[in-house]
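One-letter residues, chain by chain:
Protein chains: 2
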Amino acid sequence: MKNFVVHQLLHHAVITYPEQEIISGNTRLTFKTFYDRVVKLANSLSKRGVKKGTVLGVLEVNTHRFLELHYASSMLGAVLHTINFRLAPEQMVYSMKHAGDEWVFVSELFAPAIKPILSQFPNWVYMGEDKNEELSDGSHHFFLYESLIEEGEKKEPDFAKETNEKDIFSIFYTTGTTGKPKGIRYTHHAILHGAIQLFHHLAMHKYGARVSSRDVYMPLIPFFHIHAWGMAFFPLYIGAKLVLPGAADPAHQLELIKREKVSWMNMVPTQLQMLLNQEGFENIKVLTGGSPFASGIAQQAHRAGIQFSLIYGGSDQLATAISVVPENVDPSSPEAMEWRRVGMRPLPLVEISIKDKEGKEVPHDGKTLGSVWVRSPWLPEGYYKEPEITKEHFIDGWFRTGDLGFFYENHSLYVADREGDAIKSGGEWIPTGMLEAVISEYPAVEQVAVIPEKNEQWGQRPLAVIKATEKVTGQQLSDFLLTKVKEGKLAKFWIPDNYLFVDEIPLTSAGKLNKKALRKQYGN
Amino acid sequence: MKNFVVHQLLHHAVITYPEQEIISGNTRLTFKTFYDRVVKLANSLSKRGVKKGTVLGVLEVNTHRFLELHYASSMLGAVLHTINFRLAPEQMVYSMKHAGDEWVFVSELFAPAIKPILSQFPNWVYMGEDKNEELSDGSHHFFLYESLIEEGEKKEPDFAKETNEKDIFSIFYTTGTTGKPKGIRYTHHAILHGAIQLFHHLAMHKYGARVSSRDVYMPLIPFFHIHAWGMAFFPLYIGAKLVLPGAADPAHQLELIKREKVSWMNMVPTQLQMLLNQEGFENIKVLTGGSPFASGIAQQAHRAGIQFSLIYGGSDQLATAISVVPENVDPSSPEAMEWRRVGMRPLPLVEISIKDKEGKEVPHDGKTLGSVWVRSPWLPEGYYKEPEITKEHFIDGWFRTGDLGFFYENHSLYVADREGDAIKSGGEWIPTGMLEAVISEYPAVEQVAVIPEKNEQWGQRPLAVIKATEKVTGQQLSDFLLTKVKEGKLAKFWIPDNYLFVDEIPLTSAGKLNKKALRKQYGN
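These protein sequence lines map, in sequence, to chains F and U. Here the first sequence stands for residues 14 to 537, where the numbers follow the working numbering. Here the second sequence stands for residues 14 to 537, where the numbers follow the working numbering.
Errors might be hidden in some of the hints.
Which copy is meant is left open, because identical chains are indistinguishable; a pair holds if it fits in one copy or across any two.
[Unchecked claim] DSSO-like mimics (lysine-lysine), calculated; alpha carbons at most 30 Å apart, straight line: (1) K219 <-> K274; (2) K404 <-> K179; (3) K370 <-> K167; (4) K53 <-> K219.
To be clear, the hints were calculated from the coordinates, so they are not data collected in a lab.
Go ahead and model the full structure; you've got the sequences and the hints to work with.
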């Protein structure tokens, strides 16, 4: 087999590490029993008409069943639509229709959400333990997941041998911040290379979220987000134990960590913050990213013995860079801590270019901001059935990320902001992400989002929206920022004119600050 | 660039780690200055007619110049023939003609070897520092390597952008044990994936020759052998320091190790033995393989703080498996030591199958021997211009390695022997490699090769040819082996009938025991 296709990983895993475990809540499988379930499921679906190109939508958290669907779908040559359940209901249905879902797999968790849309999709599979009377009312095809497995033969579909690495393996819908969801399709080749290259790179860097075959992995990033940042593949690839948390809350996540000796996790900073608030969360390796990582959380994580790395990437570019401590920096120094939080090195084979408005490369000087462009062997082809939006972002083999960033002199990347979020004050850019990172160093600041305010003299000026843990005034924050100006961390004109203290800052479906909502609510 | 081609690694390296070093004897380059030399060389060769498909033969040890040729050749779309200088002279010339070498690059080390064949190849490049009057006698095209670089412009050949990952990057000739040299061509895709996958795998296993971006690498495996087992690519890929030893002997290798803080090396067991005989060779990570690894050397290496892993593979299959300590074994135990020496796990994406004479998979029981077959995404297409030999070994996408082996119950692989070397005694196989490994545990045994002797009653019986460090008798060895029979390490009928004590055991060009020569000399 010269191909690199998803279910090939499972073949390798089951031959080489048949006794290795997959834990999903209270379900314990070995790679061998997992494989048997996958084959029977694929066989059963094949008999019911699922074939090359059939789109299978899945509405589920991280469980063994969702993982099984990855490998069964690959054996069938089907397309896995990992439904983004954080989209608004009408957007979710839009994505399911746009992708062409012919089968929808749904767990009991999402049963209430699908009731109104049952008639809109031809085949449903219920992933709960028992029949759900309310859903299976006879007016549509309704299957039980466990019955499908029970009825399946232990025989791989013939198609398993024909799957090609250039075939589409999955599709996922992102919102970005504006407009309708955009679909991105991943080939076997792209998704496997992109995901696994990330772990290869992590394995080679001595500090941070280093991976090894002896670690025990638990992804908190949902499968719908680039297959849990590749966690749907990596533990089987390397023969390591995988723990799937389902819908566990932080307290239950901690129980799983202790019980299964979890040593490596991925999560967004918000999830890390929640876990750090639990007694006894410590000595775990954590890969995080997706939103700015406040130095307060970094310090707290460090004290708890959490070794972390940051990842830069996204659904439309896959993994691009991770934070590393440069070779000349003492890995135990406070400077190294800073590097873990900010300095990104592209993965091998990824090219990153930062361009000014004229499309010229900016100097690597630690300050000149520009647009971040990315090129890699696993870049998707564009947005599904959206030629216009694709043309704006995928140009000459490069992807325009929509991020603003700069290169340090040592060629590490700092991502400062989203292009749409940066504030233009007197003709100069203020990168809000960078400004937020400095403001968040103030102890009482739990979350901060900086948005633009209209200003007659300057065009725009920054407004800082703040969720604080204790009382703090704008004056105190401005004084604090003035000391940071002296340390060279920001320019004086970045200091916000106004501060707004709120109880809650709205987040997007990906757990990022929802600046669009904030601008709508507070901006002008 | 959706391609994965060799010079792409250099682009990545020079952008991301421009100040990282390549040391070659007393020459010190950075990735940046190395890149400049490569581009000027490629430009210069391009102007002189080197183009896509031109075959460039190189006769040189591991130096920066040979490494430069890797990347310049890739930019030109040329084919690098890494000439196997351990072949007999007439075989070497055969390989150069068979490959179609149009240019031959040769260092002063090999000047005497090429004098008789100058007229047979059109273009020569001398890689020494100065002109060589004797060679450049005007009767053929003769260039000086450093002049080519000097004359080159700092402009990549246009072709650099067009190189495709399915293009041939290099060709190499192996002898095996019989017949004329066989050529194997590697595409960019195959050679990069095969090589780098090996290091990815090493990076993930906690013990043994683990790699990281902070290690300093020195390959003793010559570039002609699968590009120094991938070392021509990996340090640039990950941004690590590379030290090239040229023709350094063990004492000078040790000087380089100390001076450049080398922490990771690859070598055959014979080279390891020689280095262990040097005072002060210690605390290095070593990847070794290619011939059975005597437990005496393993013990000595362990005492010197050498962390080693074994690799299984070859020129015609590339990297296939590495030794690892299974998950349930305490990594500090003597048992773990044994595992490092014998238990192989296939690299992810590699499939290994052991078949009996009927082509049926043998049970994984730790003893049933069979033929080792391999399938992987980087398997070569076959032997160059040898359809018949290709048909015997490359079958249905699989490669028949010609090795005999078995699987342990935990699905690790043990390679026991070459199919042609095993002895058939009374209808039962005696795997000589395995028997040699046990005999080599006897302290006075430095090297041992077991070959067949004709025997009227049994067909064949084993004869052990031994190089000893002190006086030892056959009786002592048989007594020793009897204790090993009781430990379950071998069957009683494996114990050799005869022992032959010699001063020197002949080795092949790859440093393996030359059993063909031994059988010719001592067998019957």
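How the hints compare with the structure:
1. K219 <-> K274: Answer is both; intra-copy 21 Å and inter-copy 17 Å each pass.
2. K404 <-> K179: both (22 Å within a copy, 28 Å between copies)
3. K370 <-> K167: Close across copies (28 Å), not inside one copy (58 Å); limit 30 Å.
4. K53 <-> K219: neither (41 Å within a copy, 35 Å between copies)
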